[in-house]
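Engineer: Kindly generate the complete structure, drawing on both the sequences and the hints.
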Amino acid sequence: MTTEQIHDPQGALERLKPGPAAALPVPWEYAPSREATDHVPIRPRYELFVGGKFVAPRSGRYFPTINPATEETLAEVAEAGEADVDAAVTEARRAFDKTWRKVKPSERAKYIFRVARLIQEKSRALAVAETLNGGKPIKESRDIDVPLAAAHFFYYAGWADKLPYAFPTRKVEPLGVAGQIIPWNFPLLMAAWKIAPALAAGNTVVLKPAETTPITAMMLAEIFQEADFPPGVVNIITGAGETGSALVRHPQVDKIAFTGSTEVGKRIQRALAGTGKRLTLELGGKAANIVFEDAPLDQAVEGIVNGIYFNQGHVCCAGSRLFVQESIAEPLMRKLRARVETLRLGDPLDKNTDVGAINSRQQLEKIQELVDSGVAEGAEMFQSSCQLPSRGFWFAPTFFTGVAQSSRIAQEEIFGPVLSVLTFRTPEEALERANNTPYGLSAGVWTEKGSRILKIAQKLKAGVVWANTYNKFDPASPFGGYKESGFGREGGLHGLAPYVKLS
Amino acid sequence: MSEITSNQQPARPAPSPYRRDLSDALNALVPVDQVGVEERAASLAKRSLKKETKVQALRLAISMIDLTTLEGKDTPGKVLALCRKAILPDPLDASIPHVGAVCVYPNMVPVVSRALKGSGVKTAAVATAFPSGQSPLEVRIDEVRRTVAMGADEIDMVISRSAFLTGDYQRVFDEIAEVKDACGPAHLKVILETGELGSYDQVRKASMIAMYAGADFIKTSTGKIPVGATLPVTLVMFEAIRDFHHLTGVRIGMKPAGGISNAKLALAYLVLLYETLGADWMTPDLFRLGASSLLNDILMQLRKEATGAYQSPDYFTLD
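As you go down the protein sequences, you meet chains A and B in turn. Convert by adding 911 to the 1-based position in the first sequence; the result is the number in my numbering. Convert by adding 804 to the 1-based position in the second sequence; the result is the number in my numbering.
Do not take every clue at face value.
[To be verified] One side only, chain A facing chain B, incomplete, derived with CB under 8 Å: (1) Ala942; (2) Glu1241; (3) Gly1361.
[As the list claims (entries may be wrong)] DSSO-like cross-link-like pairs, simulated, lysine-lysine; straight-line CA separation at most 27 Å: (4) A:Lys1262 to B:Lys882; (5) A:Lys1383 to B:Lys850; (6) B:Lys1068 to B:Lys1108; (7) B:Lys921 to A:Lys1262; (8) A:Lys928 to B:Lys854; (9) A:Lys928 to B:Lys858; (10) B:Lys882 to A:Lys928; (11) A:Lys1262 to B:Lys1108; (12) B:Lys854 to A:Lys1262; (13) A:Lys1033 to B:Lys854; (14) A:Lys1262 to B:Lys1068.
[As the list claims (entries may be wrong)] Output of the computed footprint for chain B on chain A, the stretches with three or more beta carbons under 8 Å from beta carbons of chain B: (15) 986-1000; (16) 1111-1117; (17) 1179-1189.
Calculated directly from the structure, the hints in this document are not laboratory data. Note that CB positions come from ideal geometry on N, CA and C, so glycine has one too.
Structural biologist: And the structure:
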């Protein structure tokens, strides 16, 4: 008897009925994996946060805020009129004079740290609310918006008692009341970018979130209340352009910080001329993402996708102009087409969604108008074949090839998931065309050659240049623009400067 | 166990549909960015598979397992027990598919190939002085021939990392090509031992060399060094396979191995596969998972999906 026979008596193995061959999953669909919403405390109505309390607007007006993925109303929100803006600024002024400027810097730091910790504690609810109100995929609000917002508070909390080291040999004083107006693309994160450095430097704040995305800002107001801030140090008032305009014009405001469109930025700058108010503007962009022939192609494709389809392209620093060296245009476009087809567009609350909803009908119409102009101007359009949901605002990931430098889609900010692809032959040509824009917020360079990265980065007129990556943010790194992308920096040591008076 | 004396030449392989030439392999190289590839792999690992998708994927994963035992202490008894598990992974649920292959050392091939006959499960064997490959080429070629003659359907060879790391790519290429010829009808999986290659660029280079030299599959690791398969390494190899397919029209298979010990990780590999190479590669003919303890964890997860509760490990056989 052989060993085999001992272990396989009477050929038992031969009688074993095998399991079936595998059923092949073609095509493979991911079952919905939806983040729960029942734990998110969205209130039916949000009042104004003024003087540490939630108060009804003197205007008596409310406006609905919706979920752009379903067009359902999430809540109604107070509309701050002129009198409400005045009340908020007055509270901020009083808090600055009576309490906040007397709080020891190390104590100020503790308050700000507390906010950072509370954001972390409430991160799940904040992420879901951000996705519900803004349409961005939950994986982005969960992994990027909310953690970065907390990181900004942590970072600037650390500076609060170290300002003399930030500006050596200078006397550092706060400005007073900062009026801050933020956009709808990163509602909580932009609030953090604005509020954290202002508080760390000892200012008080009146913040106005965008009218389409007020909910996380109001949740942040609840966090300031919970963190036991002295009343009036942070005031958050909701409303549309009128409210913002009243804030900009208010005589008791010492500084305006605005993030939004270049058009509105220019209006604000005109309004402030001669008033002595300080101003920083973070405006539009039309960033060049430049791919050289020696680039890591597969990772460049990821960077291109992340550059333009991240947050549906509602990103001021989006890599919306792709410059490709002609020698690799064919393989790169082939890989890009294939990759765009794998993007999963749909329910923003699904953890597997890559591309969510467009923030508003108005924005969707603007994107469509510019895309139509691209087609009319003769560029070749590629669009993902993904299905668009029947309700809500959606736009399929799109890119254009054969785009001329003179095309509107190569010149104007689309602020949507639409990429314009241009080709170049030499590094000089790439640089010249990359800089040939009224904007100058950000840029990307893809090459394996380190010396080329340094050379190109130095000559790009852009506030942020990413090398072999795109859309990377860190609170320690300053962010801001050249030319019509604005002035002033947010983040890092540079981000403190707009909020201090130096002598 | 019967003594193997057969040394007959296997049938000649079919002519290659592409030119087997090192320069083509080296021309197909593009740089790989470490940060980017690791980020992409990490983001795909966060996909969330639920309900029917999860069950479907777990069952598919079972059919892709190369159930492996590579021990000096392997005996026919041990190997036969493994074969039973391979053929019918869960006797309580006959709908669970059989695994892809049983992978053993050459001396166990006769036992395995006899046990698996007619089951649909393939007999795979490591050869070429596995795991180091540090023997004369003639010895390695002879080992391959004998292993195929003993009944192996698939040969898992190792590349000469020594030649690769000294830059002698021609030797690496020629050895793979010779092994491929020695395999005859048997499928050739080429193990790059990526944990010894030092960078993703090198992984990409070794992948291209192996594919142009005639590999049917490329495989990450032997499982005999501390660093086995990782998601980013697998992604780099998938991307090489995708480019090779574009250049030649030929679909090469992929086998990550070493350290894939739980169902969650196996699902991450399937997501990586699906979103890089697509549905065409979602078959045991083109994707395998080299593993030993993975099968039980998948069975445990499937039982959990069916009953709603995790069962004690005591309910799953250790083979």
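Engineer: Are the hints correct? Go through all of them and say.
Structural biologist: For each hint, the structure was consulted:
no., hint, in the structure
1, Ala942, "4 Å, holds"
2, Glu1241, "11 Å, violated"
3, Gly1361, "12 Å, violated"
4, A:Lys1262 to B:Lys882, "43 Å, violated"
5, A:Lys1383 to B:Lys850, "19 Å, holds"
6, B:Lys1068 to B:Lys1108, "13 Å, holds"
7, B:Lys921 to A:Lys1262, "44 Å, violated"
8, A:Lys928 to B:Lys854, "30 Å, violated"
9, A:Lys928 to B:Lys858, "26 Å, holds"
10, B:Lys882 to A:Lys928, "20 Å, holds"
11, A:Lys1262 to B:Lys1108, "22 Å, holds"
12, B:Lys854 to A:Lys1262, "11 Å, holds"
13, A:Lys1033 to B:Lys854, "25 Å, holds"
14, A:Lys1262 to B:Lys1068, "16 Å, holds"
15, 986-1000, "violated (count 0)"
16, 1111-1117, "violated (count 0)"
17, 1179-1189, "violated (count 0)"
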